[in-house]
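Number of protein chains: 4
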Amino acid sequence: MTELTLAKANAIIDTAFALGAEQKFKPLGIAVLDAGGHLLAFQRQDGSPFIRAEVASGKAYGALAVGSSSRALGVAAVERPHFFQGLSAVSGGKIVPVPGGVLIRNKNGDVLGAVGISGDTSDNDELAAMAGIESAGFVAKV
Amino acid sequence: MTELTLAKANAIIDTAFALGAEQKFKPLGIAVLDAGGHLLAFQRQDGSPFIRAEVASGKAYGALAVGSSSRALGVAAVERPHFFQGLSAVSGGKIVPVPGGVLIRNKNGDVLGAVGISGDTSDNDELAAMAGIESAGFVAKV
Amino acid sequence: MTELTLAKANAIIDTAFALGAEQKFKPLGIAVLDAGGHLLAFQRQDGSPFIRAEVASGKAYGALAVGSSSRALGVAAVERPHFFQGLSAVSGGKIVPVPGGVLIRNKNGDVLGAVGISGDTSDNDELAAMAGIESAGFVAKV
Amino acid sequence: MTELTLAKANAIIDTAFALGAEQKFKPLGIAVLDAGGHLLAFQRQDGSPFIRAEVASGKAYGALAVGSSSRALGVAAVERPHFFQGLSAVSGGKIVPVPGGVLIRNKNGDVLGAVGISGDTSDNDELAAMAGIESAGFVAKV
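Protein chains in written order, with my numbering: chain A, 1 to 142; chain B, 1 to 142; chain C, 1 to 142; chain D, 1 to 142.
Mixed in with the good hints, there may be bad ones.
Lysine-lysine pairs mimicking DSSO-like chemistry, simulated, CA-CA at most 27 Å apart [said to hold, decoys possible]: (1) C/Lys141 <-> B/Lys24; (2) D/Lys24 <-> A/Lys141; (3) C/Lys94 <-> B/Lys94; (4) A/Lys94 <-> D/Lys141; (5) B/Lys26 <-> C/Lys94; (6) A/Lys94 <-> B/Lys94; (7) D/Lys26 <-> D/Lys141; (8) B/Lys24 <-> C/Lys94.
Chain D regions said to be covered by chain C (calculated; three or more residues, Cβ under 8 Å) [to be verified]: (9) 41-49; (10) 68-77.
Per the computed footprint, the stretches of chain A lying under chain D, defined by three or more beta-carbons under 8 Å from a beta-carbon of chain D, are [unchecked claim]: (11) 17-23; (12) 73-83; (13) 90-104.
If you are wondering where the hints come from, they were derived from the structure by calculation, not from laboratory data.
Cβ atoms here follow ideal geometry from the backbone N, Cα and C, with glycine treated the same way.
Taking the hints into account, I'd like the entire structure generated from these sequences.
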């Protein structure tokens with residue numbers, strides 16, 4: 001029940017898209033990464049710029065890299081820009097420190113992966129990520 | 001009718017997974033790239049190694065890079081290894097020259113994108129890609 | 001019991017070093033990666049060339065990338081050099097396709113990580129990896 | 001007596017972990033690099049994000065690159081951001097300019113390597129690095 005399967009990843013994406021449609025968000029790109037930071041599922045809605053996969057994945061990767069959220073990482077990047085630059089460099093440039101990347105946790109608090117969303121405002125991207133995670137039976141916290 | 005939408009990309013993936021299940025293929029990773037070589041949709045079945053996204057995308061990217069298939073690119077790589085090495089380098093190392101990457105064309109022959117599949121034998125990966133493309137109303141040729 | 005903890009990783013390294021001492025292997029570098037391909041523990045014995053960390057990790061990473069062993073990947077690299085070149089490129093150059101990289105599995109067959117060893121002959125490197133894995137209560141297969 | 005052996009590197013890590021346990025630090029990743037900036041030993045405590053190896057090594061690498069500490073490098077990065085950006089680039093992106101990277105010197109002041117720690121606050125990471133270095137009979141200065 002607590003594993004992050006492909007079916008769960010697709011359910012997360014479906015819920016986030018449904019929220020986006022209901023709230024009239026702009027087209028979204030949604031990446032679900034596993035706990036090791038590797039892509040499990042991605043979908044980019046029609047009309048989205050082509051770099052959505054990298055940005056959405058970069059938010060999720062950032063959340064995993066710091067064991068928090070890309071929102072928290074964004075705050076750290078403003079306060080300590082050189083920390084972020086170093087982190088970005090050692091990750092091979094895989095991190096986007098902007099809200100919209102949220103860890104997927106089980107009830108025990110174990111990190112199973114992360115969702116990254118890019119397309120609307122960063123706040124809305126994050127809301128959609130959290131809705132998707134919670135709807136699939138996982139725990140989201142930013 | 002002939003555009004490569006997200007719905008079409010998902011349909012391609014669904015059909016390829018269905019063929020894989022029917023033929024008892026190993027777990028697959030399937031990437032659908034747009035005509036610019038950018039990721040549109042990806043799904044990795046449970047039990048697949050983590051690098052599936054890169055390999056599947058690499059096959060599709062290779063097909064797009066040479067306007068043919070990753071199978072043809074594999075043949076070229078054997079015959080002219082330095083051509084392939086140069087192509088790999090200028091692409092930023094994004095190409096996997098092995099069967100399983102197939103162009104998505106419309107009836108006019110226009111290239112709309114490519115599918116890349118990795119998981120079973122390269123021949124079976126390619127079969128699944130072709131089945132997915134044809135089922136979505138597009139033209140596949142290797 | 002079946003998790004790959006740091007204590008287990010260190011036990012794997014200790015056993016492999018003990019085997020190396022007993023069999024008079026040359027100084028070894030031993031990397032233990034988690035299931036996502038990230039470094040969990042590494043030790044390089046005195047007198048080893050400085051690039052041991054990259055080579056040992058590269059064998060383990062290769063095993064994880066193909067869901068097999070770096071020995072099997074080495075065979076594939078000889079038979080299909082362009083497949084290996086593509087795989088190497090999409091991994092960011094992280095793979096060394098030579099025996100000595102072995103998956104760490106639990107009794108159910110789940111992949112928990114991989115050990116990579118470099119220092120003596122590749123065959124001996126692999127033997128040490130297998131001994132370490134088995135001694136820690138996991139299953140090794142090449 | 002003054003060489004940085006693997007046994008010394010492991011002793012440094014053990015002491016730093018002991019301090020972390022005593023002071024209730026968060027899980028740490030600890031890298032010990034030799035004088036050439038190459039990894040000698042690394043351990044990542046359970047519950048740490050996967051990128052610890054790169055960040056811990058990046059702090060130690062930065063200390064070695066400027067012949068000082070990653071704390072001093074962090075100050076320099078704030079004062080002269082373009083110096084740091086250039087240094088990061090020519091190092092291949094291997095530097096994290098944040099406290100926690102400390103040179104390992106012998107009594108003569110010769111640089112034998114560096115320790116990098118990541119996991120708790122940067123100040124605590126640095127304290128643990130210094131404790132480890134001193135306990136192994138070396139000299140730490142930041």
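| What are the numbers of the hints that this structure violates, sorted from low to high? | 4, 8, 10, 11
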